[in-house]
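Read off the chains here:
Protein chains: 2
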Amino acid sequence: VEGKKYATLRDILVTMNAVDVAGIFEEMPEEKLPLLFRLLPKELAAETFVEMEPEAQELLIRGFSDHELKEVVDELYVDDAVDIVEEMPANVVKRILRQADPEMRKMINEILKYPDDCAGSIMTTEYVSLRPNMTAGEAIQRIRCTGVDKETIYTCYVTENNRKLVGMVSLRTLLFSEDEDVLENIMESNVISVNTLEDQESVAQMFTKYDFAALPVVDQENRLVGIITVDDAIDVLQEETTEDFEKMAGMAPSDKPYLRTGVFETWKSRVPWLLILMLSATLTSMVLTGYETSLAACSALIAFIPMLTGTGGNSGTQASVAVIRGLSLGEVEFSDTFRVVWKEIRVAVLCGVTLAACNFVKLMVVDRFLLHNEGVTVLVAAVICVTMVFTVLCAKAVGCLLPLLAERIHLDPAVMASPFISTVVDVVTLVLYFQVARAILHI
Amino acid sequence: VEGKKYATLRDILVTMNAVDVAGIFEEMPEEKLPLLFRLLPKELAAETFVEMEPEAQELLIRGFSDHELKEVVDELYVDDAVDIVEEMPANVVKRILRQADPEMRKMINEILKYPDDCAGSIMTTEYVSLRPNMTAGEAIQRIRCTGVDKETIYTCYVTENNRKLVGMVSLRTLLFSEDEDVLENIMESNVISVNTLEDQESVAQMFTKYDFAALPVVDQENRLVGIITVDDAIDVLQEETTEDFEKMAGMAPSDKPYLRTGVFETWKSRVPWLLILMLSATLTSMVLTGYETSLAACSALIAFIPMLTGTGGNSGTQASVAVIRGLSLGEVEFSDTFRVVWKEIRVAVLCGVTLAACNFVKLMVVDRFLLHNEGVTVLVAAVICVTMVFTVLCAKAVGCLLPLLAERIHLDPAVMASPFISTVVDVVTLVLYFQVARAILHI
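Residue numbers (our numbering), protein chains in the order written: chain L, 91 to 533; chain V, 91 to 533.
Please note that a few of the clues may not be correct.
Since copy identity is lost for identical chains, a pair holds within one copy or between any two.
Under the rule of at most 27 Å between Cα atoms (straight-line distance), these lysine-lysine pairs were calculated in the DSS-like manner [what the hints assert, rightly or not]:
#	residue 1	residue 2
1	Lys452	Lys337
2	Lys122	Lys160
3	Lys254	Lys358
4	Lys299	Lys240
5	Lys184	Lys358
6	Lys122	Lys299
7	Lys132	Lys452
8	Lys299	Lys132
Treat the hints as calculated values from the structure; they're not laboratory data.
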C-alpha cells in the first residue's frame, strides 16, 4: 500500500465509508497521517476526521495550516465540532474557534454552555425550521435551499416567529401531500419534545420507546433550540449501558475505551469499591469469631462456608441483575415492589429446595461415601441444606429489594449489584448457618 | 374518563403518540379494550396495535370481525406483522394470513422462513428500489408514487433488473441534485450490506459503528431481499444487552420482560447455573478439609476467609466485566491478549498493595486493638496481607483471560463473568492462603 502509489490509494479511499477510512488511518504510523489525510476529498476528510480518536485528531490539527483547519471545520456538523472541542486542550480549542465562521462559533459556544450529560450537550442547532402558514410545496423548496448543511432534513420543525415550537412535519408527509396543503393542517401538532436540561439517558430511552429519528430540544419557554438525532441517541445508550456494567462490577464509570485507559486511572476507578467491600467484610470476620466455639465443636462445618456464601451471592445477584435491568428498561417500577418480592420469594423457594435436595445427595454420595469425610454426618448435611434454603430465600429478597430501594431514593440501582449484595448476603448466610447448626446439632 | 364521553376521549387519543395510546390501553380493563380500540382512526389503530403486549393483541384479534382484522393487517408494515404472527397461536396466525392480501402474505412467509436471530428475520421487504438509469427527478416521482406503504423512503436502493444491488441513494442526495442527474452518477456505489443469515447482533453493531438509518439485506448472489431500519436495530441492541446482563449473572437469557415471566420459567432459567456453581464449590470444601490441621493450629485464620475470597471475587469480576464489555463493543480483540494481561497485572499490583496496606492497618487497629481479637498477631496479619496481594493478582489475571479465551473458542465471553470467576478464584485464594500461612507461621 505504501509504494508511493498515492493516486491509486486515493481512488480506493474515496469509495470507502469514513468509519473504515478512519480505522485504516489509526493503524498507520503517525508521521504518515497528515499526508494521507490530504489525499481525501474535502467532505470525506471531515467525516473521517470526526471518526478518529482524539489523539489522532489533535495530531492532525497541530499539523494543519490555518486554511486546512478552516476547510475541515467548515464541513463539520456543529454537534461533532462540539465533541471534538470538548476533547482538545485549550490552545487547540482556541485555534479551532478562530477558524470557525462566526455563526458556527456562536452555535458551538451555545452548546458548550450546557452541563455534560444533559440533552443540551448532545443536541445540534442545525435543523430545518418551517412556518405554519407555508404550503407543502414551499416547505420542500425551502428544504432544498437551506437543508444542505443541516444534520437531518427528514424531520422538520414548525415554529412561530418567536421560535415557539408548534408542530413537526416529516419530509415523508410533505412529499405525499399536495403542493398547496398548508403546513398547519398537515403537521403533527402534538410534538413530543425534551427540555435542554433533561438527562441524556432518559432522552435515549425516549428514542427506544417511540422509534423517533429525531427529537426537538426546547427551553423553559418551549422555544426550539436544537434537535437530537437517533445516531447520537444510540451512542448515549451504549455509553450508559457500559456505565451500568461498570457500576454493577464495582467500578467507577469511565468514558474511555478499555485499552486507552491508563493503569493508574484504572486503579483509581477500581480500588475504592474493593476497599469498601473489603472493610465491610469485617462484619463476616466478627460473625465467624463470635461463633468460634461452635466451629471448634464441629469443624466439618468450616468446609462448606464458601459454598453457602457463594450460592447465596449468586442467588442474590440473579435477582438484583434481573430487577436492575427491568428498572433501566422501564419494565419495572418502584410501585411493583410487592409483585417483584412475591415473585422472587416463590422463585427462591423453588430454587432453594432444588439446591438443598441436590446438595444433600451430593454430601452423602461425594463427601461421605467417596471422599470418606467422617465429619459429614446426616445431621451436618441437614444443617447445610436447611441453611441453603434460608440463604437462597434471604439472598433473593435482598437482591430484589436493594435496587428498588435505591431507585426510590434516587440512587442508581446499578450500584446495588453483585459485589454489594454478596457482602450483605455473606453476613446473613453465616448468621443463619450457625443458628441452624446450634438448633440442630445443639452446639 | 369512563363517563361514556367517547367523543371527547377520541379527540384526546387522536392527538397522542401510538406508544402512549397503547400504554393507556394496557391499563384498561380487558372487556373495554375492543370498544376503545374501535374509537381510533385506522392508521393510529394499526400503530397502537403494534405497540401492545401480545396478550392484548390476541384478545383484540379474537374480538375482531374479519373485516376489522383486514383493516388493521392492511395498515401494518410487514416486519411488524411478522413480529405479531410469531407471538400468536396457530389458529390466530391462520386468521391473520387469511385476511392479509396475497402480496403481504407472500412477504410474511418470506421473512418467517429465516432462522430467529439472523438479519433475515428482522428485515422488512417493503423498501423503495430504483434503477441506475433513472434521473433524480424520476426517482423522486417514483418515491411519491410507490413510497406510501414503504417503511422508509429516505434511503433508497438502486438495483438492476435481476434485483442485484448496485447502489444506494438517499432522498437527501436526490433533493439536492439536479432533476436531470442520472442515479448511476450520484448514487453511492460502494454499498455496505449484510447477508440474510448474518447474526442480528453484528448487524446492530454495524448501525452503531456507521450511524446508518437503514442497511440493505442481500442473499448469496448479492440480490436485494430486504432492508433493516435503525429502530429495529436499537431493539436488537437492547435485547442483546439484556442477554449479556443475564448471562453475566448466571441466568439463561429470556426474551420476555421480567414481570411477564412466570415463576416456574424464572426458576428454570436460574437454577442450572446455581447448581453447577454449588457443585463446583466441592473443590473449595476439599481444600478446606485438606488444610484442617493448619486451621486447627491457628483458628484466627478462619475469620478472614470470606474477606479474602470476596475481595478476590470482586477483583476478578472487575477485570472480566471490563474485558467482556470491551469485547462486545469491539474495543478489545483476542489479538490484544498480551496488552490486556500486561495492563491487568500492573493494575492488580497497584490494587493488591493498596488493599494489603489498608488491611494491615485495619487488622492492627480494629481487630487487634478495638475488638481485642488476640488471635490476630502481626504474623497472622502478614499472612492475610501477603495472600491479599497474590489473590488480587491471580483474580485479575483469571478475570481478564477467561473472557478472551471464551471469545477465542467462539463461546460467548459473557458466560465467563462474575459467578464463574468467583468460583475459580475461591479455590485459588484458599490454596494461596494456606500455602502462605504454612510458609510464614510454620503450621
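Hints, one by one, checked against the model:
For the identical chains of this complex, Lys452 and Lys337 are inter-copy neighbours only, at 26 Å across copies versus 36 Å inside a copy, given an alpha-carbon limit of 27 Å. For a Cα distance limit of 27 Å, the shortest separation of Lys122 from Lys160 inside one copy, 21 Å, qualifies, whereas the shortest one across copies, 63 Å, does not. Proximity of Lys254 and Lys358 under a CA criterion of 27 Å is satisfied in neither setting, with 46 Å inside one chain copy and 54 Å between copies. In this assembly of identical chains, Lys299 and Lys240 lie within 27 Å of each other by CA distance both inside one copy and across copies; the values are 25 Å within and 21 Å between.
Within a single copy, Lys184 and Lys358 get their C-alpha atoms no closer than 31 Å, and across copies no closer than 60 Å, so neither meets the 27 Å cut-off. Taking the shortest Cα distances, Lys122 and Lys299 sit within 27 Å of each other only across copies (25 Å), while inside one copy they are farther apart (45 Å). When the C-alpha separation of Lys132 and Lys452 is checked against a cutoff of 27 Å, the pair qualifies neither within a copy, at 70 Å, nor between copies, at 62 Å. Taking the closest pair of Cα atoms, Lys299 and Lys132 come within 27 Å of each other only across two copies (22 Å); inside a single copy the shortest separation is 37 Å, beyond that limit.
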